[in-house]
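Protein chains in written order, with my numbering: chain A, 1 to 75; chain B, 1 to 75; chain C, 1 to 75; chain D, 1 to 75; chain E, 1 to 75; chain F, 1 to 75.
Think of the hints as simulated: they come from the structure by calculation, not from any bench.
Be a bit skeptical, because a hint or two may be false.
[To be verified] Heads up, simulated DSBU-like pairs for lysine-lysine below, C-alpha to C-alpha not over 30 Å straight-line:
1. B/Lys30 with C/Lys30
2. E/Lys29 with F/Lys30
3. B/Lys30 with A/Lys29
4. E/Lys29 with F/Lys29
5. B/Lys30 with A/Lys30
6. F/Lys29 with A/Lys30
7. D/Lys29 with E/Lys29
8. F/Lys30 with A/Lys29
9. F/Lys30 with E/Lys30
10. A/Lys30 with B/Lys29
11. D/Lys30 with E/Lys29
12. D/Lys29 with C/Lys29
13. A/Lys30 with F/Lys30
14. A/Lys29 with B/Lys29
15. C/Lys30 with D/Lys30
16. C/Lys29 with B/Lys30
17. E/Lys30 with F/Lys29
18. B/Lys29 with C/Lys29
19. D/Lys30 with E/Lys30
20. F/Lys29 with A/Lys29
21. D/Lys30 with C/Lys29
22. B/Lys29 with C/Lys30
23. D/Lys29 with E/Lys30
24. C/Lys30 with D/Lys29
Number of protein chains: 6
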Amino acid sequence: MDNCLPTRPTPTPTEGYDLAIELARMTIKKTQADPAVRERLRPDYAENADSLISVSAVVATHFATIAAAKGYWRG
Amino acid sequence: MDNCLPTRPTPTPTEGYDLAIELARMTIKKTQADPAVRERLRPDYAENADSLISVSAVVATHFATIAAAKGYWRG
Amino acid sequence: MDNCLPTRPTPTPTEGYDLAIELARMTIKKTQADPAVRERLRPDYAENADSLISVSAVVATHFATIAAAKGYWRG
Amino acid sequence: MDNCLPTRPTPTPTEGYDLAIELARMTIKKTQADPAVRERLRPDYAENADSLISVSAVVATHFATIAAAKGYWRG
Amino acid sequence: MDNCLPTRPTPTPTEGYDLAIELARMTIKKTQADPAVRERLRPDYAENADSLISVSAVVATHFATIAAAKGYWRG
Amino acid sequence: MDNCLPTRPTPTPTEGYDLAIELARMTIKKTQADPAVRERLRPDYAENADSLISVSAVVATHFATIAAAKGYWRG
């Protein structure tokens, strides 16, 4: 993604979900710009149930934004 | 679900709720791709009250998205 | 509720609030299917202020969904 | 409030905010029905900064519901 | 603010943001009415990164309410 | 940003995302006005996975506000 978000809508819920994950990660990259530190922190959340649930919560908020924009599952 | 979301609306609140749970789990699967690690983490949240409440919070956000799209309980 | 959600709208805010509580609990039941474990975990949240506040947060999200659908307090 | 929510809209933001606080408390009362336990837990959150912030988060979600219904600060 | 919210819309995003901060603080004041206790708790959150992030989350929810009402950044 | 928010809409999702980050930071600056303390706290969240996820959650809420206003990814 290279810190740059797409301007066109994502056509399917699965692609929208992937965009939501990218949106969640983008804050991490912008707040902790050092990739070595991010890599070092990875097991802290990827092997921790509560951290994974917290990541899921952030993705849920972004997915809500995309789903409302694109109208997933409407009508 | 196989990491692929449905494109058709879910007809009932109960089915929508199940989709919300799948949406919540999808981040976990995509962030921690190793099923053995996920299995090992399971008791960490399934036997922990606060973790279960956190999972419920994520599902609530996804259910809001689906309920708004499908119009559950409207009119 | 028996893991099955109503399809008709709840007529009053009080009934909608009760539905929101059921929606919050439904994830717990589906994630931790063993009633004995759930019973054992009960004091962990029912006698813990922070856990009770977290439950209240989940209910607030579900109540928002129901209130928007049903139009509580509008006009 | 006696576990029963009003059906009429609250006319001002200040009254709506008070209703939001009641909505947040209602889950606590319904999850922990014993007033003696609730009283005992009170210092755990009323004298703890993080718990107070968490209560404030729940109230914010409920206030959003009421403000959207009543149209506070619109137009 | 004196525990009383304005009834007129805030004209700019900056003023709306200040109102969001007041809305977040109002729950603290109403839940912990003793100003001496609140003062004593202040370093617990003002010098703690996670607490400051939590305060920011509450303000974000209130700001969403105000921005939607007032139509900040629309069209 | 200087504690003053823009009044014009941000034209692209990437610029909107940057505004969301500024909105998240603004509460920190207003709650902890001392830049030396904020600087001292920085490693507490920038080198902590759970804190970074929490920051990401706040940004997600602000981004939802901006995306809805600006209509990112619509139609």
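Please flag the earlier hints that this structure goes against, numbers listed from lowest up. none
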